[in-house]
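Protein chains: 2
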Amino acid sequence: MATTKTKVLIIGASGETGRSIANGLLEDGGFEVYSFTRPASAQKPQLLDLAKKGLIIRQCDLSAPEEELAEALRGIDVVVSSVGPADQLSQLNIATAAKAAGVKRFVPCAFITVCAPGGIMWLRDEKEKVYNHIKQLKLTYTIIDVGWWYQIATPRLTSGKIDYAMTVANDELVEGGKTPSAFVDLRDIGKYVTRIIVDPRTENKMVFSYNTVTSPEDIFAMVEKMSGEKVERKHVSKETVMARVEEGRAHSETYPFDASKFTLRIAAEYQLSWGIRGDNVPSYAKYLGYLDAKELYPDFKPITLEEYIQELLSGTATGIYTDRISRIY
Amino acid sequence: MATTKTKVLIIGASGETGRSIANGLLEDGGFEVYSFTRPASAQKPQLLDLAKKGLIIRQCDLSAPEEELAEALRGIDVVVSSVGPADQLSQLNIATAAKAAGVKRFVPCAFITVCAPGGIMWLRDEKEKVYNHIKQLKLTYTIIDVGWWYQIATPRLTSGKIDYAMTVANDELVEGGKTPSAFVDLRDIGKYVTRIIVDPRTENKMVFSYNTVTSPEDIFAMVEKMSGEKVERKHVSKETVMARVEEGRAHSETYPFDASKFTLRIAAEYQLSWGIRGDNVPSYAKYLGYLDAKELYPDFKPITLEEYIQELLSGTATGIYTDRISRIY
Chain U
1 MATTKTKVLI
11 IGASGETGRS
21 IANGLLEDGG
31 FEVYSFTRPA
41 SAQKPQLLDL
51 AKKGLIIRQC
61 DLSAPEEELA
71 EALRGIDVVV
81 SSVGPADQLS
91 QLNIATAAKA
101 AGVKRFVPCA
111 FITVCAPGGI
121 MWLRDEKEKV
131 YNHIKQLKLT
141 YTIIDVGWWY
151 QIATPRLTSG
161 KIDYAMTVAN
171 DELVEGGKTP
181 SAFVDLRDIG
191 KYVTRIIVDP
201 RTENKMVFSY
211 NTVTSPEDIF
221 AMVEKMSGEK
231 VERKHVSKET
241 VMARVEEGRA
251 HSETYPFDAS
261 KFTLRIAAEY
271 QLSWGIRGDN
281 VPSYAKYLGY
291 LDAKELYPDF
301 KPITLEEYIQ
311 ELLSGTATGI
321 YTDRISRIY
Chain R
1 MATTKTKVLI
11 IGASGETGRS
21 IANGLLEDGG
31 FEVYSFTRPA
41 SAQKPQLLDL
51 AKKGLIIRQC
61 DLSAPEEELA
71 EALRGIDVVV
81 SSVGPADQLS
91 QLNIATAAKA
101 AGVKRFVPCA
111 FITVCAPGGI
121 MWLRDEKEKV
131 YNHIKQLKLT
141 YTIIDVGWWY
151 QIATPRLTSG
161 KIDYAMTVAN
171 DELVEGGKTP
181 SAFVDLRDIG
191 KYVTRIIVDP
201 RTENKMVFSY
211 NTVTSPEDIF
221 AMVEKMSGEK
231 VERKHVSKET
241 VMARVEEGRA
251 HSETYPFDAS
261 KFTLRIAAEY
271 QLSWGIRGDN
281 VPSYAKYLGY
291 LDAKELYPDF
301 KPITLEEYIQ
311 ELLSGTATGI
321 YTDRISRIY
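The listed protein sequences correspond, in order, to chains U and R. For the first sequence, this note's numbering begins at 1 and goes up steadily by one. For the second sequence, this note's numbering begins at 1 and goes up steadily by one.
For the record, the hints were derived by calculation from the structure and aren't laboratory data. One should not assume that every hint holds.
When chains are identical, the list treats them as one kind, so a pair holds in a single copy or across two.
[Stated by the list, open to error] Computed cross-link-like contacts, DSS-like style, restricted to lysine-lysine with a CA-CA straight-line distance of at most 25 Å:
no., residue 1, residue 2
1, 138, 286
2, 238, 178
3, 178, 7
4, 99, 178
Just need the whole structure built from these sequences, with the hints factored in.
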């Protein structure tokens, strides 16, 4: 049956979201999975791991001319992009090439929390430029946004017991931590993607994929209860978040993108969107036109927050961004 | 039953689209119809005509502070905006005020042909800024776009017989005039609006309202056949349209809006969108997420193109933009 497999090409397969997607597709078995990888990244251990599982690596420079990109995309059914914040606009040429190559569906790099475009989150607005370009091309697309990852949602324990899987201290609670928000296990994103990209109902639609809706404070309380340890809370006011947003914006007004300038901004604008505005909830996603993955796939069994915390406490969880040291959220 | 009437406030009631909407709502009988009118416009004959039919005029400056706008909107169920191209961004404050006043549905000024945002049509992109603001407010909205008006779609006859109702010569055919496009009778827009704004299916949706899909060349041929006269055709190439677009853009890069600079650009970009790109068709509207008014209201009896041309030839049609002299198409 190899000839009937859907050919999916992932752009950004070595990132956190990209690996989740690659693993989801490879484990599903119904896909032939390719990756565009720039020569400099071809030897990344994350990619070599995926290659062992069946990922086919095509070396390709994302900034290559359109014709070259189109040639490299020939025969691909679905493109899924999970490029980093700095590379969003590199998707413009890729989408044009995908149209020329007859790609049947283009999944641009969304994979963030729910937020309206137009000045709240710089990262969201970068993505909107790509979406608009796709729509002008009349290219079949699906936009997949996700809950906030469990993997950056749990707080540190003072004993240090779960530091092995903590990228950041994550001890902040915005506005008392009571704002409801959707959360997802990073590993489930790829599993959602395997369903969404072959589903005719999701053509030219946005889909919100999340596992549960809860609040940061409820997650802190759950970690305390399950660990038997006290969790430290650093309360952050709306005013503090807004000051960070203003500072982040003031430092990132110029292109080209510079990660050191934009990280503060991205982090602060996330807190503004899901922490202050309460954007990252299914009802708002529905208002904005998203389909709800829970309604599309009622049989999908997501990893529960409790299961993830249990893993974390038993020492078997996997940390994220392990190749970086900077504060992320 | 007066107390159960839906209270609708129109912004821009004296314009072509605004009058169609006001007439539609007033003739329907199910609405209490208000208009925000700036003091300078209160004595416009178009408004006085509508007032005779029942329009209630509230003098209000659109640039008033938000609190004042909110006070003036108190008790209004639906706001429908049909402001001119230069006033699109005045809707930002009005939307904020509408949210504060508890307005149940906000219909921003769309009412143009179908086009994706992001650099094709300046006018479309101005509107997108307003839509994004509405979405950030989480205000219930409906976006209504429409076909190209019959009233500016028929060509001049060399006899001059229908000049009485012609604003422009409209003798141009872009790319042979073969690109399919949706058309509407200006008078039907208001009738569509009366249905759409009380329809729960259209909440937080875009709706495409049009009467028929045909091509400019087919309209020219229909006018020839029905009049027995020859119609002059001025063929315009893609290159000519693109040169106009470039010239229009070069002359309109600065704010504030200056009609004399933007009219060329708006006209050229319309030709680019519906004439070259073929954007203004139901299939593309559906791709972009629009509901189709024909599917929502299968019993709606629109004025046919043939009926309009018959009116035109019999001397009973009404011209548009009669208070202006510049070329509009």
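Status of the hints after comparison with the structure:
1. Proximity of residue 138 to residue 286 under the C-alpha cut-off of 25 Å is found in both arrangements, the shortest distances being 23 Å within a copy and 11 Å between copies.
2. In the homo-oligomer, the alpha carbons of residue 238 and residue 178 lie at most 25 Å apart inside one protomer (13 Å), although the nearest pairing across protomers, at 56 Å, exceeds that limit.
3. Taking identical chains as interchangeable, the C-alpha atoms of residue 178 and residue 7 are never at most 25 Å apart, the minima being 43 Å within one chain and 37 Å between chains.
4. For the identical chains of this complex, residue 99 and residue 178 are inter-copy neighbours only, at 24 Å across copies versus 44 Å inside a copy, given an alpha-carbon limit of 25 Å.
Going through the hint list in order, the structure does not satisfy hint 3, though it satisfies all others.
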